[in-house]
Amino acid sequence: MPPAQKAAVAGVDKKIILSILFFFNLYTIGFAQLLPGNETQVNFSGYFDNFNVSVLYPSISITKKVSESTSITGRYLVDMITAASIKSNSPTNKTSTALSKVDAVTAASGRTSGGGGSEYSPPTFDEVRHEFNFGLAHILGKVIITADALYSTESDYTSSTLIGNYTQYFAENNTSIQLGIVRSWDKVFPKTKNWKKDKNVTTFNANFSQIVSKNLILQLLSSYTDNNGLLSDNYQLVPITIDGKDSLFDPIHPNLRIRRAAALSLKYRLTNESSIQVGYRYYWDSWDINANTYSANYERYLSKHVIMGVGWRSNFQTQAFFFKPIYLIPEQYMTTDIKLDAGYSNELQLNLILMGGEGEDFLPFLEDERVQYIFNLNFYSRHTNSPYWFNNSKNLFATDFNIGIRYRY
Amino acid sequence: MITRIRIFLLLAASLLLYGCATVKPWEKESLSDPIMIIDENPINVGIKEHFLDYREGVEGATGAESGGCGCG
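Residue numbers (this note's numbering), protein chains in the order written: chain A, 1 to 409; chain B, 1 to 72.
The hints are simulated quantities; they were obtained by calculation from the structure and are not laboratory data. On a predicted model such as this, the values are computed, not experimentally measured, just so you know. Accuracy of the hints is not assured; some may be wrong.
Okay, the calculated beta carbon distance ranges per label pair [as the list claims (entries may be wrong)]:
#: 1; chain 1: A; residue 1: Ser386; chain 2: B; residue 2: Thr22; range: 50 to 56 Å
#: 2; chain 1: B; residue 1: Thr22; chain 2: A; residue 2: Thr202; range: 34 to 40 Å
#: 3; chain 1: A; residue 1: Thr70; chain 2: B; residue 2: Glu49; range: 43 to 49 Å
#: 4; chain 1: B; residue 1: Thr22; chain 2: A; residue 2: Tyr151; range: 40 to 46 Å
Simulated crosslink set (DSSO-like; lysine-lysine; CA at most 30 Å straight-line) [stated by the list, open to error]:
#: 5; chain 1: B; residue 1: Lys24; chain 2: A; residue 2: Lys304
#: 6; chain 1: B; residue 1: Lys24; chain 2: A; residue 2: Lys187
#: 7; chain 1: A; residue 1: Lys193; chain 2: A; residue 2: Lys65
Only part of the chain B face toward chain A is listed, based on derived beta-carbon distances under 8 Å [stated by the list, open to error]:
#: 8; residue: Thr3
#: 9; residue: Val23
#: 10; residue: Pro25
#: 11; residue: Glu27
#: 12; residue: Ile35
#: 13; residue: Met36
#: 14; residue: Ile43
#: 15; residue: Val45
#: 16; residue: Ile47
#: 17; residue: Gly57
#: 18; residue: Glu59
#: 19; residue: Gly63
Backbone N, C-alpha and C fix where the C-beta goes; we use that ideal spot for every residue, glycine too.
Using the sequences and the accompanying hints, generate a full structural model.
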């Protein structure tokens, strides 16, 4: 072979080898990126509704990649509930002294006996919950294993949880199957009672994800949950009028509940700047609650560094077999917990993400490409077939927000 | 109910077979775009689920995982 031809062939070979190396590199980098990277995220979230409930829940999360194949995460969240209904004198509220110590809507109990203040005092935080989370993620070949431990504590409830996930990737990382287990050991000790009871929850998850094309991703998710122990909320008392006299009874729920759900989610790129995600979930449990949940979310780049999202979620559910708005006599199972009633809910979700980066000099706080600002605002409404006994309302209107800063390094 | 489960399993099986026709790594650039990642921010998803668990009698199959709390 003449030297010139030899050099040309060598040049082509080199290009092929470089291309192969490039694609191989892209492939392995792509897989390594599935592991959570170094990140600190601070969120400040809030919730307000027309049942006079306010919740503030700030949180901080730190993820650190300790090696090429392992990352660890620590998270702290605090729930601060202001449940003004504790102090309100609703016209339909036939409360006893015991009930006035807790909020019937959220089950939030006062930090001290009688709630966060006197009957007419300004709202204070009536319940504070602390949640601590420590997690580990590790890549082993084409498998990602994660393990999380979580502890939640408040004045009348503690929960310890272990979470494990096994995710296997195959078909050139286009397909993944995830198997997970979540086990919670909860202790319930209502302030109005002198007992402590257990609630144990075991959840099995099986998820499947498929990259269908370069513009379409699909997810199938399923879960099976076994709840046993004390499954009632003991602040959601049951009012019964016997011989003209009002009495409040403890709710009685079956001590076993099997919950199942299966969901399908599709993400499709509409244009270079926009995508749409649609989802459907079917839920059914051993208390005869069936539900259909639909969701859709549209995301669009407003500029190179600004993403806007608009979403909608609707849920339609049937009632638990033992739910009744009014009980005339004490029964084997009783509940007035309104979320076990039949009804529907709708939610409008508005999202805005500002990503730092080049060309954003006009906003100094956006210059750093490692920073992301997240804003979520959601409007939620829920309609139940029966009025809630505490305030005689069938409609809940709520607003919740989140402001977050995400710093990746 | 049985029909729904059968449809779900059939869909899963057909998608598994579809996985044989793979998208090549160099064709996936657009999938790493933030607007193409399903639940790009898992912490936000968890916060969202936590709020809904207070209000509705249904949960599960959302990809979010959290422990128990006295939220009812």
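Status of each hint after checking the structure:
| no. | hint | in the structure |
| --- | --- | --- |
| 1 | Ser386(A) - Thr22(B): 50 to 56 Å | 52 Å, holds |
| 2 | Thr22(B) - Thr202(A): 34 to 40 Å | 35 Å, holds |
| 3 | Thr70(A) - Glu49(B): 43 to 49 Å | 26 Å, violated |
| 4 | Thr22(B) - Tyr151(A): 40 to 46 Å | 42 Å, holds |
| 5 | Lys24(B) - Lys304(A) | 26 Å, holds |
| 6 | Lys24(B) - Lys187(A) | 50 Å, violated |
| 7 | Lys193(A) - Lys65(A) | 46 Å, violated |
| 8 | Thr3 | 11 Å, violated |
| 9 | Val23 | 5 Å, holds |
| 10 | Pro25 | 4 Å, holds |
| 11 | Glu27 | 5 Å, holds |
| 12 | Ile35 | 4 Å, holds |
| 13 | Met36 | 6 Å, holds |
| 14 | Ile43 | 6 Å, holds |
| 15 | Val45 | 11 Å, violated |
| 16 | Ile47 | 6 Å, holds |
| 17 | Gly57 | 5 Å, holds |
| 18 | Glu59 | 7 Å, holds |
| 19 | Gly63 | 6 Å, holds |
Hints 3, 6, 7, 8 and 15 from the earlier list are contradicted by this structure; the remaining hints agree with it.
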